[in-house]
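We have chain S already, so just place chain W on it with the hints.
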Amino acid sequence: SQQGEEDPQALSIQEGENATMNCSYKTSINNLQWYRQNSGRGLVHLILIRSNEREKHSGRLRVTLDTSKKSSSLLITASRAADTASYFCATDPRPGAGSYQLTFGKGTKLSVIP
Amino acid sequence: GAVVSQHPSWVICKSGTSVKIECRSLDFQATTMFWYRQFPKQSLMLMATSNEGSKATYEQGVEKDKFLINHASLTLSTLTVTSAHPEDSSFYICSALLREGSDTQYFGPGTRLTVL
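In the order they appear, the protein sequences are chains S and W. Numbered as in this note's numbering, the first sequence ends at 122 without a single skipped number. Numbered as in this note's numbering, the second sequence ends at 202 without a single skipped number.
In silico DSSO-like pairs for lysine-lysine, Cα to Cα no more than 30 Å straight-line:
1) W:Lys152 x W:Lys100
2) S:Lys114 x W:Lys150
3) W:Lys106 x W:Lys141
4) S:Lys114 x S:Lys34
5) S:Lys78 x S:Lys34
6) S:Lys77 x S:Lys64
7) S:Lys64 x S:Lys117
8) W:Lys127 x S:Lys34
9) S:Lys117 x S:Lys77
10) W:Lys150 x W:Lys127
11) S:Lys64 x S:Lys34
12) S:Lys114 x W:Lys106
13) S:Lys34 x S:Lys77
14) W:Lys152 x W:Lys106
15) S:Lys117 x W:Lys127
16) W:Lys127 x S:Lys114
17) W:Lys150 x S:Lys34
18) W:Lys152 x S:Lys114
19) S:Lys78 x S:Lys114
20) W:Lys100 x W:Lys150
21) W:Lys127 x W:Lys106
22) S:Lys64 x W:Lys127
23) W:Lys127 x S:Lys77
24) W:Lys127 x W:Lys100
25) S:Lys117 x S:Lys78
26) S:Lys78 x W:Lys127
27) W:Lys127 x W:Lys152
28) S:Lys64 x S:Lys114
29) S:Lys34 x S:Lys117
30) W:Lys141 x W:Lys100
Source of the hints: derived by calculation from the structure; they are not laboratory data.
Bound conformation, chain S alone (with noise of 0.2 Å):
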């Protein structure tokens, strides 16, 4: 089954810097999604972006995503120590109208050091 890709696997910045997270899959996707899981609870809903976007923001944070390169990409600006969590990118891997299903890439671990 497809399996999206994140890096890198662990990112260490200073409260204030950017933080960039990527995220590469191999199929076709209806929409790619990021979350949020906080140490050893459930996830968060980031932001989704559709097939057909390139980018969406939402407050700090901004999301692109390259079709042709089969890629997403989330950046967190001037980041805060609560941001520290681990994230993950998810594909709904079949187009159309969507089976709802959901493929987790490996994530993420973004610690903001204060």
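Relative to the frame of chain S, chain W by itself:
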């Protein structure tokens, strides 16, 4: 809105016993829910898709007789791990579709299962 709860949040049981995990959509009706498992420092793996009033659809490699899923109402899906063994120890997370046609899944807080 769109809150999903899970109960219990953690459970420790002896090998051979069965454990039931509940997933509830608190403020919306969910015809479709999903069950995932996550091993430490790894990603989420979809186990099954649960549809209200019908049998769950299991992913390849997931034993349906071991992981019983029941979606008896529009707000409740249950996962029962039967005859649990230490290798079943994991973090189990459910999610629910806000409504048909929505692409966004709302996730529960997860249940940590430890089998001794």
